[in-house]
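Enquirer: Residues per chain are reported as follows:
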Amino acid sequence: MNWTHFVYFALPAALCWVGGALFAYKNDAYRRTIILTAFGLCIFFAFILGMWISLERPPLRTMGETRLWYSFFLPVAGLIMYIRWRYKWILSFSTLMALVFICINLFRPEIHNKTMMPALQSPWFAPHVIVYMFAYAVLGAAAVIALYLLLRRNKAIMNVSVMSLCDNLAYVGTAFLTIGMLFGAIWAKDAWGHYWSWDPKETWAAATWLSYLIYIHYRQHKPSHYTIALGLLLFSFILLQVCWYGINYLPSAQGSSIHVYS
Amino acid sequence: MWMHPWKYIEGWSICTGLFITGMVLQLTTGSIEVDMFHYPVNLISGTVFILLLLFLHIYARKVVILQWFSGFEASITASVSLLVLVIIMGLTRQVSSPTDLSSIGGFARTGFMQMTTSWSFFLLFIYFLSILGLVILRRINCFRWKDAGFVLNHVGLFVALFAAILGSGDLQRLRMTASLDTPEWRATNEKNEITELPLAIELKSFRIDEYPPKLMILDNVTGKTLPETQPKSLLVETYPLLSTLLNWEVAITNYLSEAAALITEDTVSFVGFQSEGATSALYVKARNTIDGTIREGWVSCGSFMFPYRSLRLNDKESLIMPNREPKHFASNVIVYTQSKKIKKSLIEVNKPLSIAGWKIYQLNYDESMGKWSRISVFELVKDPWIPAVYSGILMMLAGAVYLFVSAPNPKKN
Ligand code: HEM
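Note that the protein sequences, when read in sequence, are chains D and C.
The working numbering puts the first sequence at residues 23 to 284.
The working numbering puts the second sequence at residues 173 to 585.
One thing to keep in mind: the hints can contain errors.
[Claimed, not checked] Subject to a maximum C-alpha distance of 30 Å in a straight line, what follows is the list of computed DSSO-like cross-link-like pairs (lysine-lysine):
(1) K244(D) <-> K234(C)
(2) K512(C) <-> K499(C)
(3) K244(D) <-> K179(C)
It should be emphasised that the hints constitute simulated quantities derived from the structure, not laboratory data.
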């Protein structure tokens with residue numbers, strides 16, 4: 023098994039996932055959605071397994087190999103969230119993200135040849151970034167909902183279920199944020215010898231993370247104080263924007279960040 | 173205020189008090205000296221800290237006020253205060269050494285420009301960690317399996333932070349420059365003092381794989397690559413190649429990956445040369461897509477032996493080849509340890525070598541010699557607390573998975 027066989031696994035798997043994502047919008051297709059998505063996962067995992075056997079090591083060494091795992095884990099995450107909360111849109115979202123990474127692997131554009139400083143050529147690089155991106159996306163969804171609720175201060179739409187949607191998104195997002203951050207720390211230790219060096223990007227990542235933790239704990243403490251909680255959610259997302267690209271414009275971060283590549 | 177039961181207002185007051193205390197200490201005594209904080213001082217302070225938390229935890233049964241410290245109000249106010257400091261830190265430029273501070277003046281005295289060693293940060297951080305510790309103690313007092321997620325997240329964070337702080341005092345970070353075929357056992361620390369190590373490194377060979385050459389267009393007057401905001405480049409992966417770069421149609425008809433410059437009175441040309449000092453050269457024909465002018469000639473990034481060579485396109489622009497970027501660099505080394513162990517190994521970026529309690533990282537090389545560097549710079553790190561930090565991190569990873577998988581059910585009001 024090698025990369026030339028990838029397309030024969032990736033396409034059927036992708037079709038299953040797209041099918042599952044579409045079924046999710048139909049009312050009576052809950053089981054079909056799950057079965058189709060899971061079937062796609064099996065096909066995809068078969069390829070990973072095949073690579074594993076033929077390489078005689080887990081396929082985790084090159085960038086392309088690690089991307090394989092995201093394409094796999096994104097629908098896994100989507101499926102778990104779908105089963106738990108039955109959000110119709112979640113599978114479309116995870117499928118879309120997975121497709122992006124499948125396409126990168128299929129078409130292998132410059133990414134493989136493009137210059138990339140040696141420190142970034144680490145198996146941690148992709149998980150670190152991907153997990154963060156997934157967190158950004160989920161927390162973005164939470165922020166959009168929070169903004170909508172804050173603007174339409176309408177008691178009728180403010181209820182426990184819409185708040186628990188915010189909570190779910192915040193929990194999932196924070197979980198991924200935590201994982202991304204810890205992967206970053208482990209990688210930094212491996213590449214430079216320190217976990218955390220308070221580089222501007224890291225400082226803002228810490229602020230963002232802390233802010234989401236405050237949201238989680240505030241919700242636990244005062245479940246009925248919606249406005250402050252929603253405000254926290256929005257504020258956290260603003261911190262996230264600073265961390266993501268805002269530091270490129272912050273005078274305090276000029277010339278001192280090792281994260282300029284992103 | 174200050175009446176049982178305490179609420180948020182007491183929390184804000186405590187944090188403000190700690191902040192002001194920190195400020196006063198900062199202005200009177202300056203930043204915290206972390207030099208002293210190594211074994212056994214760190215271990216003793218750590219033990220005392222844990223014992224103190226245990227004491228507070230047990231004592232809280234008698235003194236009801238102490239129970240407040242393991243509750244949401246204390247946690248949230250402490251977290252918000254820490255968040256404020258981290259945001260200030262993000263907004264102010266951080267400097268690494270106190271000597272950089274003297275030129276800045278008054279503002280530097282706040283300690284905000286070296287936040288992690290400032291008193292306010294220190295006090296609020298310790299307060300935050302203490303509260304986290306008390307929260308954990310209270311909750312695991314009546315542990316049930318459904319608390320597993322809570323324990324993983326909170327204990328994981330506590331262990332990771334605690335161990336990382338205590339460990340920072342015992343962390344040794346040294347820099348060693350090894351030359352070809354000469355065993356080296358001396359290294360310098362962050363203060364540039366020389367230390368002798370219980371191990372020696374002998375560099376057997378050094379190798380750089382480079383990315384293919386790139387072409388860029390340079391502004392003859394300013395010397396900057398164009399367009400200034402986001403310079404464009406053309407990566408020459410194969411040849412012959414026909415492509416465009418800004419307003420120029422560029423044809424590459426020859427590519428010498430290892431070349432020597434032949435310089436005569438008025439021409440420079442390149443020939444293949446597989447030996448020390450070789451540079452890379454491209455033969456380029458460029459046609460301006462607007463006025464049709466054609467220029468051709470060799471372009472090279474040069475090396476320590478040969479000068480670089482650009483192709484002047486017109487009055488304003490020249491075509492240049494920046495130094496080829498390293499894709500991988502690696503050192504073949506032999507490491508000798510005191511226990512007479514000899515280990516041959518390849519050390520690369522992201523692939524450090526672990527030996528005798530040290531981790532050896534590939535850090536740098538002689539950039540002026542580039543590919544032909546005869547030295548290799550390593551960073552040697554000894555961090556005896558690593559297993560503790562990693563166990564904290566692993567717990568948090570498991571906790572995050574738990575956070576993701578488990579249904580968050582906010583307590584119904
Ligand atoms: C890794 C970071 C953290 C995460 C993911 C996290 C998450 C959570 C969650 C999900 C809960 C409710 C779960 C339950 O009750 O079973 C909780 C409770 C709590 N957390 Fe955290 N937390 C974190 C850090 C902190 C920190 C740093 C503090 C304090 C400074 C703190 C203080 C508390 C308190 C006081 C409770 C209530 C416990 C109780 O009353 O039983 N947490 N946390």
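Enquirer: Run every hint past the structure and note whether it holds.
Expert: Verification of the supplied hints:
1. Of the supplied pair hints, the one linking K244(D) and K234(C) holds, its CA atoms being roughly 27 Å apart against a limit of 30 Å.
2. A C-alpha spacing of about 34 Å is found between K512(C) and K499(C), which places the hinted pair above 30 Å, so the restraint is violated.
3. About 12 Å separates the Cα atoms of K244(D) and K179(C), which keeps this hinted pair within 30 Å; it holds.
The structure fails to meet hint 2 from the earlier list, while all remaining hints are met.
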